[in-house]
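Novice: Each chain, letter by letter, is given below.
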Amino acid sequence: MLVKVKLFATFRTGRFKAKDSIMDEGTTVGWVVDSLHLPREELGIIFLNGHAVTPETVLNDGDTLSIFPMVGGG
Amino acid sequence: MPYLKWRDAQRLAELQKKPAADVERTSLEQGVLPLRYARNSSAISLEEQKNLGEARVGVCGCGGLGLYVVDQLARMGVGQVTVWDPDVFEEHNLNRQLLANMSTLGMSKVECARRHVEQVNPTISLTTVQKKWQASETAFIAGHQVLVDALDNIPVRKELAQFCANSGIPLVSGAVGGWYGQIAVLYPGDATDRYLYGENPDPRGLEKEEGTLPFAPAVIASIEVAEVVKILINRGQGLKNKICMVNLLDMEFDILDV
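Protein sequences, first through last, are from chains A and B.
Adding 5 to a residue's 1-based position in the first sequence gives its number in this note's numbering.
Adding 3 to a residue's 1-based position in the second sequence gives its number in this note's numbering.
One chain only, chain A, in its complex shape (with noise of 0.2 Å):
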């Protein structure tokens, strides 16, 4: 399956701004998380199609995964 991954702020540093990915059916958001080794101490929000998922979220053929960093200073 297909799915588009967005990264945003810092967790673009290194690696991409926007890629599109040939996935196994059943992937989790979190297995990309750990895939593109982002800190889950340092993951923020997620959003899958414009919607707040959680890391065990299962992804779908044609889905578009954005992941933010945590943000906490004031």
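Please keep in mind that the hints were generated in silico from the structure rather than gathered at the bench.
Watch out, some of these pointers could steer you wrong.
As the list claims (entries may be wrong) - Listed next, the in silico BS3-like pairs over lysine-lysine satisfying Cα-Cα at most 27 Å (straight line):
# : chain 1 : residue 1 : chain 2 : residue 2
1 : B       : K211      : A       : K11
2 : A       : K11       : B       : K243
3 : A       : K22       : B       : K245
4 : A       : K11       : B       : K245
5 : A       : K24       : B       : K245
6 : B       : K245      : B       : K233
Unchecked claim - Here are the in silico distance ranges between beta carbons for each label pair:
#  : chain 1 : residue 1 : chain 2 : residue 2 : range
7  : A       : S40       : B       : R118      : 48 to 56 Å
8  : B       : Q240      : A       : E46       : 30 to 38 Å
9  : A       : T69       : B       : A194      : 20 to 28 Å
10 : A       : D39       : B       : M110      : 45 to 53 Å
11 : B       : I258      : A       : S40       : 26 to 34 Å
12 : B       : K134      : A       : M6        : 47 to 55 Å
13 : A       : T33       : B       : L97       : 39 to 47 Å
14 : A       : R17       : B       : L38       : 45 to 53 Å
15 : B       : P89       : A       : A23       : 40 to 48 Å
Glycine included, C-beta positions come from ideal geometry on N, C-alpha and C.
Dock chain B against chain A, hints included.
Specialist: Relative to the frame of chain A, chain B by itself:
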């Protein structure tokens, strides 16, 4: 529209032996806008300006975000504001915090905020609490119509979100780091905070590596104040069940549904 000048408000206050804030309130009720709010109108109606004057807003944190928030709430005419922060100004605040300068180094942030608000709008009642916001004195905190999250760490942000959910108070949340920021409005019963901060027990925000550039808190705090005002006057489209992600490096504003 007729206006009330500050000089005349002070004279009336002296004659009537009551605070100038009361004179301005009475003036608004009679359809006379204090001149300080002339450029708020007609974006804000007379009735809305009066409602703002009767509102009570709490600002948790008085640093990069909180100082801009307090300043703008005072300029908008929000009548009662409480601000919590235990810190004094340090040199590393100088790149971005509104009242940080060479003469305020070592001084209490909330005390500097109090002096600033007195100069900007002396009719505002600012309550300063020089300690960390925490979910104690719950009756006092729950007396605010809206709370603003201008904190600098995620564990206390989670605690504040939980407090607001339990107390039925809307929470306007802003966070910054580097070139980036986010804003959300959390209403009781929403699941927004779960997505904002995830479930990781030891979250690490990008500000730990990136620091914070001066324009990021100015932008995010300004959007937070716009959200507070819309809640108080019950007008416009707010960020309910939405999160606004701001990237000032690539100039991207993403508004996402939760």
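Novice: Against this structure, judge whether each hint is valid.
Specialist: Going through the hints against the structure:
1. K211(B) x K11(A): Holds, because 23 Å separates the two Cα atoms, which is no more than 27 Å.
2. K11(A) x K243(B): holds, 24 Å
3. K22(A) x K245(B): holds, 22 Å
4. K11(A) x K245(B): holds, 19 Å
5. K24(A) x K245(B): holds, 25 Å
6. K245(B) x K233(B): holds, 15 Å
7. S40(A) x R118(B): 48 to 56 Å: At 53 Å between Cβs, range holds.
8. Q240(B) x E46(A): 30 to 38 Å: holds, 34 Å
9. T69(A) x A194(B): 20 to 28 Å: holds, 21 Å
10. D39(A) x M110(B): 45 to 53 Å: holds, 47 Å
11. I258(B) x S40(A): 26 to 34 Å: Between I258(B) and S40(A), where Cβ atoms are some 28 Å apart, the hint holds.
12. K134(B) x M6(A): 47 to 55 Å: For K134(B) and M6(A) the Cβ distance comes to about 53 Å; the hint holds.
13. T33(A) x L97(B): 39 to 47 Å: holds, 45 Å
14. R17(A) x L38(B): 45 to 53 Å: holds, 48 Å
15. P89(B) x A23(A): 40 to 48 Å: holds, 42 Å
The structure shown violates none of the earlier numbered hints.
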